[in-house]
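Residue numbers (our numbering), protein chains in the order written: chain S, 1 to 340; chain A, 341 to 614.
Note that these hints are calculated values from the structure, not bench results. Computed from a predicted structure; not experimentally measured. Glycine included, each C-beta is placed from N, C-alpha and C at the ideal position. Some hints here could point you the wrong way.
Claimed, not checked - Not the full set, but computed from the structure, chain S residues with beta-carbon under 8 Å of chain A:
#1 Leu103
#2 Pro107
#3 Thr110
Stated by the list, open to error - Now the stretches of chain A that chain S is said to cover, found in silico as 3 or more residues with beta-carbon under 8 Å:
#4 498 to 504
#5 507 to 513
#6 518 to 525
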Amino acid sequence: MSSITLRDIRKSYANGPRVLHGVDLDIGDGEFVVIVGPSGCGKSTLLRLIAGLERCEEGEIVIDGRRANELPPQDRNIAMIFQNYALYPHMSVLENIAFGLELRKVPRKTREARAREVAETLQLTPYLDRKPGALSGGQRQRVAMGRAMARDTSTFLMDEPLSNLDNALRNAMRTEIKTIHQRLGATIVFVTHDQTEALSLADRIAVMKDGYLQQFDTPAAIYDRPANRFVASFLGTPKMNFVTSDAVTGWTGRRGVEVGLRPDTLRLHRKKPGAASIEARLTLTEMTGSEVVLHCQTQSGAMSAIAHRRQDLPAPGERIWLEYDVAAAHLFDMHSGARV
Amino acid sequence: MTPETSARALWIINGLTLLVAAIFLSPVLYSIWMSFQTSDAYYSGGVDFTLRNYDVAVGQYNFARYLLNSVIVSGIVTLLGISFATMAAFAFARFEFRGGNLMFGAVVATLMIPSHITLIPNYLTLARAGMLDSYAGLILPAISSGFAAFFLRQYIRGIPRALDEAAYMDGATPLKVLWRVIVPISKPAIFSMALQLFIAEWNNYIWPLVAISESDLYTLQIGLARLYRVNPGEDVIDWPLVMAASTITILPVLLGFVLVERHLVRGITMGAVK
Numbered sequence: 001m002s003s004i005t006l007r008d009i010r011k012s013y014a015n016g017p018r019v020l021h022g023v024d025l026d027i028g029d030g031e032f033v034v035i036v037g038p039s040g041c042g043k044s045t046l047l048r049l050i051a052g053l054e055r056c057e058e059g060e061i062v063i064d065g066r067r068a069n070e071l072p073p074q075d076r077n078i079a080m081i082f083q084n085y086a087l088y089p090h091m092s093v094l095e096n097i098a099f100g101l102e103l104r105k106v107p108r109k110t111r112e113a114r115a116r117e118v119a120e121t122l123q124l125t126p127y128l129d130r131k132p133g134a135l136s137g138g139q140r141q142r143v144a145m146g147r148a149m150a151r152d153t154s155t156f157l158m159d160e161p162l163s164n165l166d167n168a169l170r171n172a173m174r175t176e177i178k179t180i181h182q183r184l185g186a187t188i189v190f191v192t193h194d195q196t197e198a199l200s201l202a203d204r205i206a207v208m209k210d211g212y213l214q215q216f217d218t219p220a221a222i223y224d225r226p227a228n229r230f231v232a233s234f235l236g237t238p239k240m241n242f243v244t245s246d247a248v249t250g251w252t253g254r255r256g257v258e259v260g261l262r263p264d265t266l267r268l269h270r271k272k273p274g275a276a277s278i279e280a281r282l283t284l285t286e287m288t289g290s291e292v293v294l295h296c297q298t299q300s301g302a303m304s305a306i307a308h309r310r311q312d313l314p315a316p317g318e319r320i321w322l323e324y325d326v327a328a329a330h331l332f333d334m335h336s337g338a339r340v
Numbered sequence: 341m342t343p344e345t346s347a348r349a350l351w352i353i354n355g356l357t358l359l360v361a362a363i364f365l366s367p368v369l370y371s372i373w374m375s376f377q378t379s380d381a382y383y384s385g386g387v388d389f390t391l392r393n394y395d396v397a398v399g400q401y402n403f404a405r406y407l408l409n410s411v412i413v414s415g416i417v418t419l420l421g422i423s424f425a426t427m428a429a430f431a432f433a434r435f436e437f438r439g440g441n442l443m444f445g446a447v448v449a450t451l452m453i454p455s456h457i458t459l460i461p462n463y464l465t466l467a468r469a470g471m472l473d474s475y476a477g478l479i480l481p482a483i484s485s486g487f488a489a490f491f492l493r494q495y496i497r498g499i500p501r502a503l504d505e506a507a508y509m510d511g512a513t514p515l516k517v518l519w520r521v522i523v524p525i526s527k528p529a530i531f532s533m534a535l536q537l538f539i540a541e542w543n544n545y546i547w548p549l550v551a552i553s554e555s556d557l558y559t560l561q562i563g564l565a566r567l568y569r570v571n572p573g574e575d576v577i578d579w580p581l582v583m584a585a586s587t588i589t590i591l592p593v594l595l596g597f598v599l600v601e602r603h604l605v606r607g608i609t610m611g612a613v614k
């Protein structure tokens with residue numbers, strides 16, 4: 001069992017501003033939770049508090065039903081993967097992976113066997129004698145994973161572990177992490193600023209901004225029912241379009257609110273359709289693969305929509321209509337930004 | 341530059357380097373050469389190879405004992421000095437504690453105090469503790485090096501803190517982090533500081549002169565100085581004998597330097613670019 005509960009966690013640094021303002025999280029056994037948010041939102045601080053690398057003076061951290069505020073990192077039995085991997089440069093890959101076991105006085109034969117087994121899983125066997133300096137970025141990342149996996153623990157903290165990898169490797173490692181999670185059934189808390197990573201990996205996502213937890217829910221729930229304007233704009237590519245209800249042509253929904261329209265809910269028309277639509281001028285098209293992102297200018301500002309690549313696409317400069325569905329629109333309070 | 345001119349330039353550079361090296365080495369080589377001459381041959385301008393000077397220095401003037409004393413004192417001072425400096429450096433580099441900055445300021449301030457100023461207080465302290473004329477009296481005042489602590493602290497600050505944190509997450513205690521992570525990574529700096537501590541203690545003359553009066557505890561530097569006064573020669577110093585004693589004095593340091601030279605140079609240059 002490995003659950004983590006955070007109750008009213010607040011954190012300030014000496015002579016600095018408060019970086020966390022009362023965060024509550026309940027992370028269940030075997031759950032994959034991604035903490036996502038822009039730089040400086042406090043997500044890494046939250047992770048470091050769970051790890052014990054920062055002192056938690058306000059609030060309570062409970063790990064496996066036991067208060068952990070006063071426990072040093074080495075007594076929390078949590079493995080962590082760092083953004084820059086933090087591999088010991090003077091140790092070989094094998095020694096790096098086995099170091100945690102060595103510190104826990106596991107006999108040499110047992111720990112080497114365990115390290116080799118983990119290395120085999122991560123396809124690191126050919127590099128066991130190499131030092132981290134002689135490895136590529138992807139291999140280093142896998143060693144960092146291996147070091148965490150070799151430990152006899154079922155709680156893993158990952159601080160932006162994929163951010164230093166190129167796109168192809170990042171996608172491959174993302175799948176690998178998901179596979180490992182499924183196989184080990186471990187509890188994982190993963191920090192990232194990449195919303196695609198968050199949506200694709202998480203069982204539940206915690207969205208943070210300026211030290212406040214904005215929403216903690218499943219990826220689908222967060223995408224479909226964002227708690228506020230920030231969450232709506234942070235998750236989803238391209239970003240959600242926002243227009244005031246009064247500026248939406250043919251709007252039949254609630255008035256005096258901000259309307260959020262996901263680009264993938266807008267349908268492109270080259271002639272004015274019978275249904276409610278917004279008139280726009282196409283300014284730019286951007287191919288992303290099977291789909292094309294349409295950047296348009298409307299009377300109420302810039303908007304984007306998604307069209308299928310095979311569709312008969314207009315040329316930049318042409319007049320188009322974006323049909324919307326009132327039921328699919330998200331409504332936010334004009335002042336607080338909260339979902340209404 | 342063509343391959344021919346670059347080869348010629350390389351020859352010139354090598355030649356000049358050898359010449360400069362020869363100029364620097366010449367006093368040492370001359371003294372070693374002189375140590376193998378008889379006194380008569382040296383003063384008459386002749387050449388007469390002998391090992392007698394070494395025999396006299398070791399047998400008659402007790403240089404084997406002085407050598408042993410120097411090795412014991414310098415060895416222990418280096419071992420204890422580098423250990424304390426490394427631990428202090430780790431604490432100053434990695435932990436925030438009440439008065440830490442003040443303490444570090446005090447350590448740095450010791451670099452500005454001329455060592456001779458501490459002679460009398462150290463002498464009085466050790467005299468009261470009854471430690472004069474003992475190895476402890478030679479060793480204790482030298483085991484704290486403000487410069488080594490300062491240098492190593494700067495080096496350790498250059499090591500990413502994430503490595504310590506990774507070790508803590510792996511289950512290490514602060515002492516384990518120091519021993520298994522920081523020390524191996526800081527090896528070049530530690531080697532370089534250790535050698536500097538060793539050389540400084542090996543060449544230390546004033547403190548042993550003040551603290552020791554028993555000849556059995558003389559270090560090489562004291563023994564060497566006494567050789568001028570006690571050697572026979574009726575107004576004439578027996579230079580070949582002095583040079584034999586000098587050679588005994590410098591050889592261990594030279595050997596040590598050759599062994600850790602690579603680390604020493606790396607340690608010094610690394611401090612410059614960190």
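Right, here's what the structure says about each hint:
{"no.": "1", "hint": "Leu103", "in the structure": "4 Å, holds"}
{"no.": "2", "hint": "Pro107", "in the structure": "15 Å, violated"}
{"no.": "3", "hint": "Thr110", "in the structure": "15 Å, violated"}
{"no.": "4", "hint": "498 to 504", "in the structure": "holds (count 3)"}
{"no.": "5", "hint": "507 to 513", "in the structure": "holds (count 7)"}
{"no.": "6", "hint": "518 to 525", "in the structure": "holds (count 4)"}
Violated hints, in rising order: 2, 3; the structure is consistent with all others.
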